[in-house]
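Could you put the whole structure together from the sequences, leaning on the hints where they help?
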Amino acid sequence: MAPGQYSMDAKQHTMSPVVTGATVIGMKYKDGVILAADTLASYGNEARYKDVCRLKKIGEYTLLGAGGEISDFQYLSNLLDELADEDWLHEDGCSMGPKEYSSYIGRVMYNRRSKFNPLYNQFVVVGKKQDQAPHLMYVDHQGTAFEEDFVATGFGMHLGIPLLRNNWRPDMSLDEAKALVTKCLEVCFYRDCKAYCKIQIGVCTGTTVEISPPTTINHFWGHGAWTERRLEETSDSTGTW
Amino acid sequence: MDCITWSPAGRILQVEYAMEAVKQGTPVLGLRSKACVVLVSFKRAQSELAQHQQKIFKIDDHMAIGISGLTADARVLADYMRNECLNHRYVYDAAMNVGRLVAQVADKSQQKTQNSSKRPYGAPCPHGSKHTLPRGLAVCAGCAGCRGVGFLSVCWQESAGKVGLLVAGCDEKGPHLYETCPSGNYFESLGSAELQRSNLRRRYYAMAIGGRSTSAKTYLEKHFADFETADVDALVKHGLEAMNKTTSSDQSLTTKNTAVAVMETGGKYRELSSDELQKVIDSLEKKAEDEPMPDEPTPAAESAESAAPMDTT
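Chains as they are written, first to last, in the UniProt record's numbering: chain A, 1 to 241; chain B, 1 to 313.
There could be a bad hint or two in this list.
Unchecked claim - Listed below are several chain B residues computed to face chain A (Cβ distance under 7 Å; list not exhaustive):
(1) VAL91
(2) TYR92
(3) ASP93
(4) ALA94
(5) ASN97
(6) GLY99
(7) GLU172
Said to hold, decoys possible - Here are the simulated distance ranges between beta carbons:
(8) A:CYS193 to B:ARG82: 31 to 37 Å
(9) A:LEU83 to B:ASP233: 37 to 43 Å
(10) A:ILE217 to B:GLY267: 44 to 50 Å
(11) A:HIS90 to B:GLY267: 23 to 29 Å
(12) A:ASN78 to B:ASP79: 42 to 48 Å
(13) A:LEU79 to B:ASP79: 25 to 31 Å
(14) B:GLN278 to A:LYS115: 52 to 58 Å
(15) A:PRO162 to B:ASP275: 56 to 62 Å
(16) B:ARG89 to A:LYS115: 57 to 63 Å
(17) B:ASN115 to A:CYS94: 30 to 36 Å
(18) B:LYS268 to A:ARG191: 49 to 55 Å
These aren't lab readings, by the way, just hints derived from the structure by calculation. Everything numeric in this text was worked out from a predicted model, so none of it was measured. Glycine residues also receive a C-beta, built at the ideal position from the N, C-alpha and C atoms.
And the structure:
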């Protein structure tokens, strides 16, 4: 069913997402974990909302990045805020870290897919709790969950992962890490019609969790191959693809 | 009479009677240092033909309880706690916070004190004292335990119930020792210095519950200052030394009637093997001949001739 349409039949759960986010890139670096996403929420193929933050701080040590249905992301955000509030209410100084939150998200996602009513998202959960090792987990709408050194969601799985495979090192500095995730999102912006040039970067260091304000990445569309009008003139087209 | 009916003197007698059950049990005690927590129990055999009754129950890799009072009540609570820990591991892939589980158990216990058709779980006043006070936040200044330095400064007498739990465990804030009462009260020992500043809850370096535990508490009160920095072996030694004080003159600690469980920060629950236990028992001070008898009368259940009203351990 096309986005935005709804069924006249008996009860039917969401068969496809409506307002969606695309790529999220997450990776570990020397002192923590980094997470990046653009700020676009698309309505089908329309670039509908261009200032949506798809990164969310959970508790004290954890960041969540969401691709897929934005409303489901907002719903899950509320669940997670409730958990964080509970920690605060106990007043015992204990709070959950990325390991606990990512496991919880995985259980929620699997539970919902088992009811044939999934939350339509791919999540990247990252975090670092004090001196513990950095944690990075991918969770999707089917409840698949795994830990990795770097992950990407959406089109970034195809366009970002090759860059990460070639360039990622465990001992990257924060600046190198920022440059690499920015590069991934830049490539996505050139090729993915649901990507955008405004991005945000979140960093977990073990003591702090920060999400940068939106910044615009550099982009250039004047390459000769892209401006020449020859696509419609030849039968064996040599366009950019 | 049910447990929601006040006595003319303003007391909830059913809750106080429940406390009596605990005093017929054998003692169990817990000690805490900054790195580990130890439970020591003295077990009774129901008959010559039976094994000694278990008093320490492992709840999870990081948590255990020691009980005094009705074993049946304790088993229900142990079941509940184990379930909660397993659920927590399933959902969060992590060990459950000890204090929060104790609070849940206390909530469960409290509910039984406010419903006429329910019977409170059997557990003790922390000191098993006989001072009875009006229900509410009454301060008991009378019993020896309450006067002890480093222990509770107040004792809520309403905490009478039917099983006493000492809950010991380690979590992200280090080792903890808690006591729950059937009234819904719970008390905790806080592990870290930062938390000890919090005034919200009482803290224990050690605690003993059950019949004749007063003698053990006297020992613990004398030595608790050393516990914070003690290592596992020293803590176990202190525990058995204290337990030794509770035995009557014709009894002694053996590897059969004694059990010791240890939980260290970052480590897993373990019980001392009988070899390890024997070594510590051998190193205990010999009982002095002229040592005064414990100030509480030996419970009737201790003598072979008369049976306890209910089986308690």
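Hints versus structure:
| no. | hint | in the structure |
| --- | --- | --- |
| 1 | VAL91 | 5 Å, holds |
| 2 | TYR92 | 4 Å, holds |
| 3 | ASP93 | 4 Å, holds |
| 4 | ALA94 | 5 Å, holds |
| 5 | ASN97 | 5 Å, holds |
| 6 | GLY99 | 5 Å, holds |
| 7 | GLU172 | 6 Å, holds |
| 8 | A:CYS193 to B:ARG82: 31 to 37 Å | 53 Å, violated |
| 9 | A:LEU83 to B:ASP233: 37 to 43 Å | 40 Å, holds |
| 10 | A:ILE217 to B:GLY267: 44 to 50 Å | 49 Å, holds |
| 11 | A:HIS90 to B:GLY267: 23 to 29 Å | 24 Å, holds |
| 12 | A:ASN78 to B:ASP79: 42 to 48 Å | 33 Å, violated |
| 13 | A:LEU79 to B:ASP79: 25 to 31 Å | 28 Å, holds |
| 14 | B:GLN278 to A:LYS115: 52 to 58 Å | 56 Å, holds |
| 15 | A:PRO162 to B:ASP275: 56 to 62 Å | 60 Å, holds |
| 16 | B:ARG89 to A:LYS115: 57 to 63 Å | 23 Å, violated |
| 17 | B:ASN115 to A:CYS94: 30 to 36 Å | 31 Å, holds |
| 18 | B:LYS268 to A:ARG191: 49 to 55 Å | 51 Å, holds |
When each numbered hint is compared with the structure, violations occur for hints 8, 12 and 16.
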